[in-house]
Amino acid sequence: MPVADLLPELALLVGAVVIVLFASFSPRSYQPVCAGLALVAIALAVFFTVMQSGGAPRLTFSGVWALDTMAIYAKLLMLVSGAFAIALSPRWMETDRRHGEYYALLLFSLLGAVMMASATDSMELIVGVLLSSVTGYALVAYHRAWAPALEAGMKYFLIGALANALFVIGIVLIFGLTGATGYPDIALELPRHDSPLIVIVALAFVVIGLAFKLGAFPAHAWLPDVAQGAPAPVAALLTVVPKIGAAIALVRFVQLLPGTIEWAWVIAGISALTMTLGNLGAMWQNDFRRLLGWSAVSQSGYALMAVAVVGASDEAVPSLLVFLAAYAVANITAFAAVVHLRGRTALDDYRGLARVRPWTTIAIILALLSFVGIPPLAGFFGKFLLFRATLDGGYAWLVVVALANTVLSLFYYLRVIGPIVFDKPAGEVSDLGKTAAAALMVAALLVLALGLWAQGLIALAVSGT
Amino acid sequence: MILTLTLAVPLAGALILAFGPRFREQTARRFAVATATVPLLLLIGAWFRFDPAGPQFQLVLDVPWVPSLGMGFRLGVDGIALAVASMSALLFVGAAAYPVDTKGMARQYYAWLLFLEMGSLGLFLALDLLLFYVFFDLSLVGMYFLIARWGHGRPRYAALKFFIYTLVGSLALLLGILGLYLAAEPATFDMRALIEQQPLAGGGALAGLVLLAFIIGFAIKTPLVPFHTWLPRAHVDAPAPASALLAGVLLKMGTFGLLRIPLAMMRETFAAWAPWIALMAVLSIIYGALVALGQNDMKRRIAYTSINHMGYTVLGIAVAGAMLEGNETARQLALTGATLEMVAHGLITGSLFLVAGSFWQRGETYDIDAYGGLAAQAPRLMLLTVLASFASFGLPGMAGFVAEFHIFVGTFAVYPWLAAVGLLGIVITAALFLQMLQRLFLGARPERWADFGDLRFSEYVVLGVLVALTVLIGVYPRFLLDIIVPSSRWLVGGG
Chain A
1 MPVADLLPEL
11 ALLVGAVVIV
21 LFASFSPRSY
31 QPVCAGLALV
41 AIALAVFFTV
51 MQSGGAPRLT
61 FSGVWALDTM
71 AIYAKLLMLV
81 SGAFAIALSP
91 RWMETDRRHG
101 EYYALLLFSL
111 LGAVMMASAT
121 DSMELIVGVL
131 LSSVTGYALV
141 AYHRAWAPAL
151 EAGMKYFLIG
161 ALANALFVIG
171 IVLIFGLTGA
181 TGYPDIALEL
191 PRHDSPLIVI
201 VALAFVVIGL
211 AFKLGAFPAH
221 AWLPDVAQGA
231 PAPVAALLTV
241 VPKIGAAIAL
251 VRFVQLLPGT
261 IEWAWVIAGI
271 SALTMTLGNL
281 GAMWQNDFRR
291 LLGWSAVSQS
301 GYALMAVAVV
311 GASDEAVPSL
321 LVFLAAYAVA
331 NITAFAAVVH
341 LRGRTALDDY
351 RGLARVRPWT
361 TIAIILALLS
371 FVGIPPLAGF
381 FGKFLLFRAT
391 LDGGYAWLVV
401 VALANTVLSL
411 FYYLRVIGPI
421 VFDKPAGEVS
431 DLGKTAAAAL
441 MVAALLVLAL
451 GLWAQGLIAL
461 AVSGT
Chain B
466 MILTLTLAVP
476 LAGALILAFG
486 PRFREQTARR
496 FAVATATVPL
506 LLLIGAWFRF
516 DPAGPQFQLV
526 LDVPWVPSLG
536 MGFRLGVDGI
546 ALAVASMSAL
556 LFVGAAAYPV
566 DTKGMARQYY
576 AWLLFLEMGS
586 LGLFLALDLL
596 LFYVFFDLSL
606 VGMYFLIARW
616 GHGRPRYAAL
626 KFFIYTLVGS
636 LALLLGILGL
646 YLAAEPATFD
656 MRALIEQQPL
666 AGGGALAGLV
676 LLAFIIGFAI
686 KTPLVPFHTW
696 LPRAHVDAPA
706 PASALLAGVL
716 LKMGTFGLLR
726 IPLAMMRETF
736 AAWAPWIALM
746 AVLSIIYGAL
756 VALGQNDMKR
766 RIAYTSINHM
776 GYTVLGIAVA
786 GAMLEGNETA
796 RQLALTGATL
806 EMVAHGLITG
816 SLFLVAGSFW
826 QRGETYDIDA
836 YGGLAAQAPR
846 LMLLTVLASF
856 ASFGLPGMAG
866 FVAEFHIFVG
876 TFAVYPWLAA
886 VGLLGIVITA
896 ALFLQMLQRL
906 FLGARPERWA
916 DFGDLRFSEY
926 VVLGVLVALT
936 VLIGVYPRFL
946 LDIIVPSSRW
956 LVGGG
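For the protein sequence lines, the chains are A and B, in the order given.
First residue of the first sequence? That's 1 in our numbering, and the numbers climb one at a time after it.
First residue of the second sequence? That's 466 in our numbering, and the numbers climb one at a time after it.
By construction, these hints were calculated from the structure, which means they are not laboratory data.
All of these numbers come straight from a predicted model, not from anything done at the bench.
Honestly, I wouldn't trust all of these hints.
What the hints assert, rightly or not - FRET-style restraints, in silico, Cβ to Cβ:
(1) A:Leu-150 / B:Arg-489: 47 to 55 Å
(2) A:Leu-452 / B:Gln-900: 45 to 53 Å
(3) A:Leu-13 / B:Pro-651: 43 to 51 Å
C-beta: ideal position from N, C-alpha, C; glycine also.
Only chain B is shown next, with the shape it has when bound in the complex (with noise of 0.2 Å):
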C-alpha cells in the first residue's frame, strides 16, 4: 500500500497540473514541490518498516494485472531498491524546487516532472520485469519531453538522439527479458520467482545471449563505454533540474538493473562474463575521468565525470557477481559500495548539475573559462560547489569516499590488476574537479560578472541539504549499511 502510494501520488500530481485547474508559475511550483515531498516521506515510512533481519523483499505487493503473460502489478523492497529509490525521491524534491525556467508552460513542466517521478520509484520497485520495462520506457518518455521542451543549445536534437539511443537499450532489455521469461518454467515475470529458479543456469550459448542483450540495454542507460555518446548532448541540452535526474536518477535504472536482473537472477551466466563487464566498468573509469579532464564546458565536465562514477558502480556489481561461492565478504563489501556510490552519486552529481544550472541562470553560459574569481562574489555558492566536487572525488569524510572505499577493498581481493588501474580514476577525477574550482572561483573576475549573484535561498536550502547528506553519509554511514548489506550479503549468496 505505501508503495503504491508512492506511485500514485506522483502520478495524480502529474494529472492534475496537465489537466486540472490552470495554476499559475508559482502555484503549479509549491504543488508539484508539495507532491513530490509525498512520495519521499512514504519511502522514508517505509523504512521505518522495513525490517533488516527480515526476508530478502518486504512491504510486497502482488496485483495481477495480466495474469494470462503471468504479468503483475507486483512492488517491493529490498535494502538497495530503498536506498536508491529514497535518494531518487528526495532529489526530485529539489528538482522541483530548484528554479528553473519554465518558458510559460509552468504546469506542463511540473506535470512532466512529477510523471517523471512515477516512472523513476517506479522502476526501483517494481518486482515484476515487465512492470519494470514499464516504468524504464516511461521515464524515457517523460525525460524526452522535458529535454526537448526547456532545454537550451539544440534541445530537440539532444531530446531525440537520447529517446532514440535509449529505446535501443531498452528493446535489448525487452529481448532479454523475453529470453529469460521463456526459459522460466512455469513462464512468470516474477522476480522472485525467478531469481529462485535461476532461469537460464546451465544454458550455454543461449544464456550467454540473454546476458548480452542485458548487458547491452543497461550499458546504454548507464551508460558504460562504448555505449555513452548520447549522453553528454543530453545533458549539456537538457534543463538543470533535468540534468540532475538524468545523471541522478536516470542512470542508476542501469546500475539498479545489472545488479537486479543479471546478478540476480542469472548468477552462473553472470560469473563467466563479470571479468568482461569489469572490464568495460574500468574502462569507462578511465576513459570517462580523461575525456572529462579535457572539457572546458561545465555541464559535459560533469556529465563525462559520471560516466567514471557509474563505472565505479558496475566494477562493484562485477566483483559482487564475479564468482558463485567464495570470497563472500570481498563481494559483499563490492556490492554495498556499488549501491553506496548510486546514492552518492545521484546526491553528488544531483548538487553539481544544479550548481551548473546556478551558473546558467546567472551567465548563460557553461564555459568554464567565461568565469574566474567568483569566490568573494559569491560564497555560499562556492562553498556548496566545493564541498559537492570535493565529495564527487572522494574525499574522506564524505559519501563518495565511503562508496569507492568498499568498491576498491571488495576489488582488490577478486581483480587486483583491474582495481589498480581503476584507482587512476580517483586520481585524475580529484585533478579535474580542482581546476575547475580554480578556474571558476580564483583568479581575476571578468567585469561582467560585476553583479553576479550569490545562491538564493531556495537554491541554498536544496543544494545545502543535498550536500549535508553527502557529509552525513561520510561520517556516519550506518544507517544506509544497516539496510543495504543484509540484501547484498543475501545476493552474494553469503546467507
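Bound conformation, chain A alone (with noise of 0.2 Å):
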C-alpha cells in the first residue's frame, strides 16, 4: 500500500485524532490549546500536499485516489481555508468551556471534503461527502443553548439527510448498472447499457446530493440559515471548503457520463438557476451573514458554469480552480470581518463602520468588490476565466446570464458598501482581539494579492493538466 500517497490526509486524521484524546484528558484552561495542534496537523498537511505536486497526474490506493493538479490544487486551497477558519476560532470559541473537540471536527470536516475532491471510486466520495455532513451538523448547532443555531444546524441536517441519502441511492444504481466502484470501471461500462433511464434518474440523485455540498439548487436553501446561525468561524469553513470539493467531485463525475446524456445542459440549467436564485435572494436581505450566505449561492452558481463545459473545453477546470481560489479568499475575508467585529448580522448595525473601523471596512469592501468581479482583485480573474471557459464551451446564453447575474449582485453589494462607508456610526463597535484581525488582514490582502499576481494562481492551476 502506498500509504505516502495519503500523508497529507492522515495528518488530517492523526491531528483530529490527537485533539480528541487531548482535550478528553486536559483541563479546561487547555483547551485552546487544540487551535495550535489542528493547525499544526494542517501546516503538516500542506507540507504534504506541496511534495506531492509536481508529478504526473496517477491514480493510487488502488485505483481509488487521484493525485492530479485538480486535486492538489482544490486540497491546499482546502487546507488553507481551513487554517483560516481555526485561526479565527479561539476568541470565538472562548466561552464555550469545552471546546476543544471543536477542532477535531473542523478537521475531520475538512478530511471529509478533500475526500471528496481526490476520491476516484464511489465508495470512497460517499464516505467524503457523509463525513463531511455529519460533522458539519454538528459544527453548525455548536452553541447548542443559542436557538437560531439550532435551527440551522436542524435545516441543514433535514435538507442534507434528504439529499445524502438521495445521493447514495444514485451511487447504488449506478453500481447495480456497472457493477463497479471504480470511475475508470464505471465510465468503461456506462455506454454499454441501453436503459439510459436509470442512468438519468442516477446522474439526477448524485447531481442532488453534490448540489447539497456544492449549496446549490436545488439543495441550496441550507447556506442562508447556516452563514446566519453557525458560528461565524464555521460558517467561513462550511461557505468555502465543502464546496471546492463538492465542485471538484461533479467535474470528476460528469466526466464518466456516456455522450449520449445531455448532461452539460442540465448543469448550465442548475448554474442559471443557481446564481439567479441566490441573487435573488440577497437582493432585499437586512441581514448581512444572510447576505453572504446568499450571495455563496449565486457564486456556487458560477462555479456550474466551469463544470457544465468541461466536456467542451479545455479551460474548464483551469479556470474553475482559480475561481474557486478567487472565491475562497474573499469568502473568507467577508466571514473573517463579521467574526471580528463578534458576528454582528444586522445590516443597521454596519451603519458607519467606516469612521470607527476603517480597516475592517477597506477588508469588506474589497471582499464584496470581488465578488462583483471588479479588476485587478482576485474574483475578477476568476469571473474572466469562467467566462472566456464557457464561451469557448459555447455556451454563450449562460455567460450572459452570469453578466446580468454580476449586475444583479453589484446592487446588493452597494446596498451593504452604502451604509457601512456613507451614514453616521451606529454606536459602539467591539472586536474579536488581535488574532482575528490578523487572520481578516491577511485574507484581504490575498484578495488584493492574488489578483494582481494572477499570474501564479493561472500558472499553478493550468500546470499538469
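Build the complex: two chains, separate frames, hints provided.
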C-alpha cells in the first residue's frame, strides 16, 4: 500500500484523533491549545501536499484516489481555508468551556471535503460526502444553547439527510448498472447499457447530493441559515470548503457519463438557476450574514458554469480552480470581518463602520468588490476565466445570464457598502482582538495580492492538466 | 517609463493621502494639486518626445503581467491618446485646485480624486485590452465614492445608479473583449497585435454581435441616446469638480474606446454598421440639444449638452470608419475633428461644470431662474461663463468650432443628409446657451444676491487657464493637429 500518497489526509486524521484525546484528558484552561494542534496538523498536511505536487497525474491506492493537479490544487485551497477558520476560532469559542473537540470536528470536516476532491471511487466519494456532512451538522449547532444555531443545524441536517440519501441511492444505481465502484470501470461500463433512463435517474440523484454540498439549486436552502446561525468561523468554513470539494467531485463525476446523455445542459441549467436564485435571495436581505449566505449560493452558480463546459473546453478545469481560489479568499475575508466584529449580523448595525473601523471596512469592501469581479482583485480573474471557458465551450447564453447576475449582485453589495461607508456610526463597536484581526488582514491582502499576482494562481491551475 | 510614472505618481499620492500622515484640509489640497501636476508635466514631456512622423504607437512599455492569458502591462500613446490624456491631466489639476466643500474629509476626497486620475489616465494610455478594462472599472469605483460621499441632493442614489448602469456597460465591454480575444490567433490582449490581425474580419453574425457588445458598452459610457438616462442624475448630484471630471474625462472613455477598439480592430464590421452608429449619434445630437433647452437646472442643462457634444464626436468616429477605402481625406478630417471635440469638450464642459459649482457654492441652487442680473455683481464670473458658453456652441475662434467644423466637413462628404440634420444641433445649442446667459446675468437682480461674490482667485485661475486654452486651440489648432492628424490618417488607412 502506497501509504505515502495519503500523508496529507493521514496528517488531518491523526491530528483530529490527537485533539480528541488531548481535549478529553486536559483541563479546561488548556482547551485553546487544540487550536494550535489543529494548525500544526494542517501545516503538515499542506507540507505533504506540496511534496506531492509536480508529478504526473495518477491514480493510487488501487485506483480509488487521484493525485492530479485538480486534487492537489483543491486540497491546498481547502487546507488553507481551514487554517483561516481555525485561526478565527479561539476567541470566538472562548465562552464554550469544553471546546477542544471543536477543532477535531473541523479537521474531520476538512478531511471529508478533501476526500470528495480526490475520490475516484464512488464508495470513497460517499465516505467523503457523509464525513463532511455529519461533522457539518454538529459544527453548525455547536452553540447548542442558542436557538438560531439549532434551527440552522436542524435545517442543514434535514436537507442534508434527504440529499445524502438520494445521493447514496444514485451511487447504488450506478453500481447496480455497472457492477463497479471505481471510476475507470464505471466510465467503461456505463455506455454499454441501453437503459438511459436509469442512468439519468442516477445522474439526477448524484447531482442533487453534490448540489447539497455545493450549496446549489435544488439543495441550496440551508446555506443562508448556516451563514446566519452557525458560529461565524464555521460559516466561513462551510461556505467554502465543502463547495470546493463538491465542485471537483462533480467534475470527476460528469466526465464518466456517456456522450449520449446531455448532462452539460442540466448543469448549465442548474448553474443559471442557482446564480439567479442566490442573487434574488440576497437582493433585499437586511441581515449581512444571510446576505453572504445567499451570495455564496450565487457564487456556486458561477462555479457550475465551468462544470458545464468540462467536456467542451480545455480551459474549464483551470478556470474552475482559479475561480474557487478567488471565491475562497473573498468569502473568508467577508466572514473573517463578521467574526472580527463579534458576529454582528443586522445590516443596520454596520452603519458608519468606516469611521470607527476603517481597516475592517476596507477588507469588507475588497471582498465584496472581488465578488462582483472588479479588477484587479482576485475575483475578476476568476470570473474572467470562467466566462472565457464558457464562451469557448459554446455556452454564450450562460455567460450572458452570468453577466446579468453580476449587475444584480452589484446592487446588493452596494446596499452593504453604502451604509457602512456613508452613514453615521450607529454606536460602539467591539471586536474580537488581535488574532481574528490578523487573519482578516491576511485574507484581505490575499484578495488583492492574488489578483495582482494572477499569473501564479493561473499557472498553478494549468500545470499538468 | 514616462507613462508608468504618469500613473504611479497619482496612485502613490492617493495612497499617501489615504493612509499617510493626517494632513489638514489646506495641506491635503496643496498636496493633491502638486501631485496632479506631475502627470501633466510628464505628459507635456511625452509630447516633446513624441515624433509625429514616427510609428503609430510610441513610448511603448510592455511588461508581462499575466502571460498565460496573454495579458501585459502595456502602455503607449498615439497622437489621439496623447491629446486626450493631456487634456484629462490638466482637468484633474483644475478639479483638485477648485474649491469644494470636502465635508471634513479632505484627505479622503483628494485621495479618491487622485485614484480616479490614475484610472482615467491609465485607460487612455493602455495598449492592452484587459488593462483597458481594468482601468475602465477602477474609474467607476473612484467616481462612485466621489459622488456618493461628497455629492448633494440624493448623492447615494445617483452614485448607485451611476455605478450599476455603467457596470452594465463595462460588462458588455468585457463580453466584446472576450469575443475579440477568443477570435485572435494567437489569443492576445495586445492592442497593436489585434489592430494588425483584425481578428473577426468577415466573421458574419459573430462579428456583428461582438461589435454590438462594444457599441452598447461604449454607448452607455459616452452616453448616446437611448442609453443616457444615468447621466443627468449623476451630474446634478455630484460635487462640481467631480461633474467636471465626469463630463470632461470619463465620458471620453466611451468615445476613445470606440475609436481605439471597434474602429481600429474591427474595421470591416464597423464599416458595415457605421450608418447606424452615425444615426444614433445624430439622434443624440438633436435629442441632447432639445432636452437641454428645456432644463431650468443649470447643471442638467450642461449635462444634456454633453450628450449633444458627444454625439458630434461619435458622428466623427462613425464617418471615419464608414468605409474601408475611399474618401480618406474626408474620413481623416472627421476623425481629427472627433479627437479635437473630445479635447474641446473636456475643457469647455469641464469649465462650465466648475462654473456651476461656483454658483452652488454661493447660492446653493442650480435653478437658473433663481439667479439674474449678476453681470455687475460678478463681472469675472460672467466673462468666463460667457466665453465657455460661446465655445460650447461652437463660436468661430474657439476650440468647439474647429472641432465641429472638421467633423461636419468630413460628414458632408460621406453622409450629407445626416450632416445637415446634425447641424441643427448647433443652432439649438446656441439658443440654449444664450438664453441661459441672459437669465443668469441680465435682467433684474433678486434681492437675496446682494452679497453674491465674484470669482475667488483660485477659481479665476483654473477657469482662466481652461478658457484660455480653448481660445488658443481655436485660433492656433496647429499644435494639436500636428500630432493628431498623422494618427487619424493612420487609423482611416490613408497611409
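Range agreement (Cβ of Pro-651 (chain B) with Cβ of Leu-13 (chain A), hint 43 to 51 Å): At 46 Å between Cβs, range holds.
C-beta pair Leu-452 (chain A), Gln-900 (chain B): status relative to the range 45 to 53 Å that was hinted: Roughly 52 Å apart at Cβ, these two residues keep to the hinted range, so it holds.
Leu-150 (chain A) versus Arg-489 (chain B) beta-carbon gap, inside 47 to 55 Å or not: holds (54 Å)
Checked against the numbered hints given earlier, the structure satisfies every one of them.
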